[in-house]
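Trainee: From just these sequences and the hints, can you work out the full model?
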Amino acid sequence: MTQVTVIGGGIIGVCSALALQREGIATTLIERGSIGGEATFGNCALMALSEIVPLAKPGVMKKLPGWILNPEGPLAIRPGHLPAALPWLLKFLRNARPQRVAQICHGLGTLTALAQEDFDEVIEAAQIEDIWAENEVLYLYDKKEQYLADEFSWQLRANEGYHATELEGSALAGVESDVDTDGKFGLIAHGWRSFTDPQRLTRELAGYFTRLGGEILNAEVSRIESTRSKPRLLHFADGTQRNVSKLVIA
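With our numbering applied, the sequence shown corresponds to residues 446 to 695, in that order.
There may be inaccurate statements among the hints.
Said to hold, decoys possible - Keeping only pairs whose Cα atoms sit at most 27 Å apart, straight-line, the calculated DSSO-like set for lysine-lysine is:
| # | residue 1 | residue 2 |
| --- | --- | --- |
| 1 | LYS588 | LYS629 |
| 2 | LYS508 | LYS589 |
| 3 | LYS588 | LYS508 |
No wet-lab data here; the hints were simulated from the structure.
Mentor: This is the structure we're talking about:
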């Protein structure tokens, strides 16, 4: 019988272990602390279904020099690393062509739609339907011209079925009174969802995992021993060991 060990009891590790266990694969989940107690705890837990537009898109080419030269810009490359990074940068720019960006958006849109379906199924099975909340998200631009420069991104989202409502002036103030709306332009993105408590979500799914026969082990892995690049033995901080054949590190 196939056996898999998953290291990491955050949302990714728990979901990985649960998916394997639901497929009939005997799975052990190892967490050194508490389930959902580290990176998952306090996460904003948004399911950003419409965030499908890649960073590589038309117009990025003319921004790259300014980003690189600005010490506080969004892109930093050490001068000595530039020759090694050049092939990656060229590939990045090739992927910024409109047709290629549209293909990427379609692929990502398919993934986010499947993610929603998968979560719906597992949350219903775990009987925690109250963990969901519907959300709308406000995007703000300092001026409408900035939005117009980014309009291609919004059209790509619309092409995949993700729509937004444009807001200006009093309509924008009515949505968010704490924002100085003078000259600002905003959009409400529809269709987002969120989890009301990411730690509870993770622990509830871990509970469902154990009800299906999964094992949770509270231990700290200090070393992974492998043979011919395959995991063989886990060494724990308390000096104990455990044989493994297949390993997921999450």
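Trainee: Of the numbered hints stated previously, which ones are contradicted by the structure, given in increasing order?
Mentor: Result: no hint breaks.
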